[in-house]
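Enquirer: Sequence:
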Amino acid sequence: MERYNKAEILRRVEEEDVEFIRLQFTDMFGMIKNIAVPSSRLVKVMENRYSIDLASLDEIAREGEEELYLKPDLDTFTILPWRPQHGKVARFLCDVCREDGSEYEASPRRVLKRAVEHAATMGYTFQVNPECEFFLFHTDENGMPTTLTHEKAGYLDTSPIDLGENTRRDIILTLEEMGYEIDSSHHEIASAQHEIDFIFEDALAAADKVTTFKMVVRTIAKRYGLHATFMPKPLQEMNGSGMHLNMQLYKDGRNVFEGEDGNLSREGEAFLAGICEHIDGITAILNPLVNSYKRLVPGFAAPSNVDWSKKHKNTLLRVAKRKFQSMTMELRSPDAASNPYLVFALCLEAGLDGIQRELKAPEEFSKDIRGIRTLPRNLGEALDKMKKEPLVAEVLGDVYVDAYRRAKEKEWTKYQSQITKWEIENYLYLI
Numbered sequence: 037m038e039r040y041n042k043a044e045i046l047r048r049v050e051e052e053d054v055e056f057i058r059l060q061f062t063d064m065f066g067m068i069k070n071i072a073v074p075s076s077r078l079v080k081v082m083e084n085r086y087s088i089d090l091a092s093l094d095e096i097a098r099e100g101e102e103e104l105y106l107k108p109d110l111d112t113f114t115i116l117p118w119r120p121q122h123g124k125v126a127r128f129l130c131d132v133c134r135e136d137g138s139e140y141e142a143s144p145r146r147v148l149k150r151a152v153e154h155a156a157t158m159g160y161t162f163q164v165n166p167e168c169e170f171f172l173f174h175t176d177e178n179g180m181p182t183t184l185t186h187e188k189a190g191y192l193d194t195s196p197i198d199l200g201e202n203t204r205r206d207i208i209l210t211l212e213e214m215g216y217e218i219d220s221s222h223h224e225i226a227s228a229q230h231e232i233d234f235i236f237e238d239a240l241a242a243a244d245k246v247t248t249f250k251m252v253v254r255t256i257a258k259r260y261g262l263h264a265t266f267m268p269k270p271l272q273e274m275n276g277s278g279m280h281l282n283m284q285l286y287k288d289g290r291n292v293f294e295g296e297d298g299n300l301s302r303e304g305e306a307f308l309a310g311i312c313e314h315i316d317g318i319t320a321i322l323n324p325l326v327n328s329y330k331r332l333v334p335g336f337a338a339p340s341n342v343d344w345s346k347k348h349k350n351t352l353l354r355v356a357k358r359k360f361q362s363m364t365m366e367l368r369s370p371d372a373a374s375n376p377y378l379v380f381a382l383c384l385e386a387g388l389d390g391i392q393r394e395l396k397a398p399e400e401f402s403k404d405i406r407g408i409r410t411l412p413r414n415l416g417e418a419l420d421k422m423k424k425e426p427l428v429a430e431v432l433g434d435v436y437v438d439a440y441r442r443a444k445e446k447e448w449t450k451y452q453s454q455i456t457k458w459e460i461e462n463y464l465y466l467i
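Okay, so the sequence shown: first residue is 37 according to my numbering, each after it adds one.
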């Protein structure tokens with residue numbers, strides 16, 4: 037990503053005929069929001085003078101609290117390639133701040149910054165590479181999304197079997213035009229399912245990247261008359277979509293996960309142990325939807341137990357030392373419906389807690405192990421585990437946790453009251 041100062045941004049906006057600026061940020065659930073302003077107000081934008089009513093979005097802000105303002109991160113300035121070439125549109129990702137310029141502690145971006153700063157005090161930098169899977173479905177005559185697809189492609193298939201290849205190509209070209217470095221892309225296991233992979237980056241840049249990535253994917257898909265969805269499990273008999281999180285932890289330029297003979301170091305084992313210890317309590321953040329738990333079941337290449345392995349690819353955590361690459365720890369349970377800022381912050385802090393307490397990793401998975409605990413089986417169970425997890429409150433803050441839990445408990449209660457097609461088909465005739 038390019039780095040800019042205010043003068044360079046003003047010059048580029050004028051030279052490239054930018055007429056509108058989008059000030060983007062995420063709500064507590066990771067949904068991208070924005071204010072659009074004409075480029076004539078760019079100086080006002082860079083003086084952090086645009087305010088928002090956060091309480092109207094997600095109820096984090098308390099009543100009577102002072103106004104909150106959007107502070108653009110100048111390094112995130114980019115011109116949106118899919119907008120008009122005359123009268124272009126650019127965007128900033130913004131921090132949510134108070135009137136005095138201090139960052140609002142319940143802002144998702146601030147939550148991740150705090151975790152990164154904590155790691156820095158211990159001498160660590162956290163590098164991640166999230167793998168976001170998504171489906172491309174047809175839309176109906178009104179442009180509304182369906183779960184229909186004509187394609188039958190599978191893992192690593194190409195055109196003409198892979199009918200979404202051109203869409204995926206244009207997504208990549210758009211991302212590259214915005215300054216993102218793409219490592220690879222391919223068709224995934226399920227029909228109409230795709231994956232685009234980036235390079236490793238520091239956690240904050242990667243979270244910004246995921247937020248932008250989801251916007252780009254859905255925008256370009258719409259141009260092809262398709263609907264892109266990051267819903268974890270849209271098709272009952274197909275694999276779901278995850279956001280596998282590849283992690284590396286560096287100290288003094290060295291990946292501390294690297295041990296001898298291709299094994300995890302003691303720090304690496306402790307980091308892994310910290311995630312295993314806290315995973316139940318953070319799952320409601322990593323897997324935030326009722327639908328998320330339809331993916332985390334056996335038989336669909338997704339984890340359902342708290343386990344790890346160097347060989348078995350469907351465990352919760354996979355430790356890999358690939359040719360020409362540094363040791364990587366892959367967490368396979370998160371999905372892209374989650375807020376990446378919160379996911380990265382909680383995974384980092386869970387791992388750091390393991391290092392600080394010198395925790396020992398559980399025994400590596402084998403078919404002979406008995407009594408492995410399962411991940412939370414539904415959103416209600418995950419929320420109950422979250423209540424009992426001190427780390428979540430420490431990382432997110434009590435205000436954030438209370439607001440998040442209230443919203444998700446409401447969602448879970450509403451879901452439980454629904455009468456499903458399955459119930460009608462199985463009970464109506466017999467009982």
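The set of hints was computed from the structure by calculation and includes no laboratory data. Some clues are possibly wrong.
[Claimed, not checked] The calculated BS3-like cross-link candidates involving lysine-lysine, where the alpha carbons are at most 30 Å apart (straight line), are:
no. : residue 1 : residue 2
1   : Lys330    : Lys69
2   : Lys357    : Lys396
3   : Lys424    : Lys457
Enquirer: Confirm or reject each hint.
Expert: Each hint tested on the structure:
1. Lys330 / Lys69: Roughly 28 Å separates the two Cα atoms, so the pair holds.
2. Lys357 / Lys396: 20 Å, holds
3. Lys424 / Lys457: 34 Å, violated
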